[in-house]
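Using UniProt numbering, the first residue of the sequence shown is number 1, and each one after it goes up by one.
Just so you know, the hints here were simulated from the structure itself, not pulled from any lab data. Glycine included, each C-beta is placed from N, C-alpha and C at the ideal position. Do not take every clue at face value.
The calculated lysine-lysine pairs, modelled on DSS-like cross-linking and capped at a C-alpha distance of 30 Å, are [unchecked claim]:
| no. | residue 1 | residue 2 |
| --- | --- | --- |
| 1 | Lys81 | Lys147 |
| 2 | Lys55 | Lys147 |
| 3 | Lys58 | Lys69 |
| 4 | Lys233 | Lys251 |
| 5 | Lys81 | Lys55 |
| 6 | Lys147 | Lys233 |
| 7 | Lys147 | Lys185 |
| 8 | Lys192 | Lys147 |
Distance ranges between label pairs, derived from CB positions [said to hold, decoys possible]:
| no. | residue 1 | residue 2 | range |
| --- | --- | --- | --- |
| 9 | Val39 | Pro138 | 23 to 29 Å |
| 10 | Ser249 | Gly143 | 18 to 24 Å |
| 11 | Ser249 | Ala217 | 21 to 27 Å |
| 12 | Glu66 | Asp102 | 24 to 30 Å |
| 13 | Met54 | Ser178 | 44 to 50 Å |
| 14 | His229 | Asn3 | 47 to 53 Å |
| 15 | Val184 | Glu97 | 16 to 22 Å |
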Amino acid sequence: MENVEQLEDGHQSDDIGEATPVVLVSELAGLPEGVLNVVSGFGPTAGSSLCSHMKVDKPTFTGSTETGKLILELAARSNLKPVTPELSGKSPFIVCEDADIDQAVELAHSALFFNQGQCCCAGSLTYVHEKSVIEQGPQIDQGQFDKILKCIRSGVDSGATLETGGDRYGSAGYYINSTVFSNVKDDMMIAKEEISGANRSHYGLAAGVFTQNLDTANTLMRALRMSGHGREKGEYSLNNYLEVKAVTSLKNPAWL
């Protein structure tokens with residue numbers, strides 16, 4: 001029996017039908033019709049229906065921790081279906097004393113501003129050793145644009161030093177100037193909460209360490225925290241869609 005997949009795209013992409021071409025291209029490549037499908041809609045309607053449906057065997061989700069909790073709850077209340085949640089992050093980019101600074105600057109920029117910063121693994125916290133002491137696109141919609149500006153205002157109000165940026169770029173579109181804060185305390189909202197655009201954040205999705213010493217990189221502690229236990233990419237991620245079954249022969253049972 002073949003497995004089929006229902007893909008629910010983000011509500012921001014519903015108006016432009018981003019996911020639909022993926023299905024068409026997959027079918028042109030030889031995937032049988034009906035194996036990959038797109039369900040468009042919002043989380044409280046389309047998303048909750050998929051996660052609570054008794055004939056859905058497994059949902060996977062990449063997104064916020066708050067939504068991930070709701071999906072786990074719906075899965076448990078229905079048919080105890082397994083869930084692969086890859087959730088929010090507040091990822092630090094650590095530049096050690098022995099790092100190549102020029103290369104570190106280039107990588108720190110790409111780590112933060114990839115996809116205009118709208119990435120759960122974005123390196124939005126940059127830690128630079130005290131002895132070692134940008135072009136981008138728009139935010140995806142008005143809501144995300146307002147959220148970023150609200151976070152920036154929170155940083156200023158809480159006492160962080162706004163070194164550069166912090167405001168809108170131009171008069172059209174959802175562009176925000178590249179923003180850098182210094183004198184940021186660990187308990188400030190901008191240091192703890194995910195802004196899609198010693199680490200005391202309650203997230204632990206990803207981290208980057210820039211050093212020439214492997215031992216230094218390996219000293220970082222293992223901390224899953226509240227970013228879920230789902231992992232995407234690589235062969236390992238395919239195992240998330242498999243289920244191990246124990247089969248016992250009556251002729252030679254395992255307990256004898």
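Results for each hint:
1. Lys81 x Lys147: violated (33 Å)
2. Lys55 x Lys147: violated (37 Å)
3. Lys58 x Lys69: Holds. Lysine 58 to lysine 69 sits at ~15 Å (cutoff 30 Å).
4. Lys233 x Lys251: Violated, at about 41 Å.
5. Lys81 x Lys55: holds (10 Å)
6. Lys147 x Lys233: With Cα atoms ~29 Å apart, lysine 147 and lysine 233 stay inside 30 Å; holds.
7. Lys147 x Lys185: Holds: lysine 147 and lysine 185 sit about 20 Å apart, inside 30 Å.
8. Lys192 x Lys147: holds (15 Å)
9. Val39 x Pro138: 23 to 29 Å: holds (27 Å)
10. Ser249 x Gly143: 18 to 24 Å: Violated - the Cβ-Cβ distance for serine 249 and glycine 143, about 58 Å, lies outside 18 to 24 Å.
11. Ser249 x Ala217: 21 to 27 Å: Violated, at about 48 Å.
12. Glu66 x Asp102: 24 to 30 Å: At roughly 39 Å between Cβ atoms, aspartate 102 and glutamate 66 fall outside 24 to 30 Å, so the hint is violated.
13. Met54 x Ser178: 44 to 50 Å: holds (48 Å)
14. His229 x Asn3: 47 to 53 Å: At 22 Å between Cβs, range violated.
15. Val184 x Glu97: 16 to 22 Å: At roughly 20 Å between Cβ atoms, glutamate 97 and valine 184 fall inside 16 to 22 Å, so the hint holds.
Checked against the numbered hints given earlier, the structure breaks hints 1, 2, 4, 10, 11, 12, 14 and satisfies all the rest.
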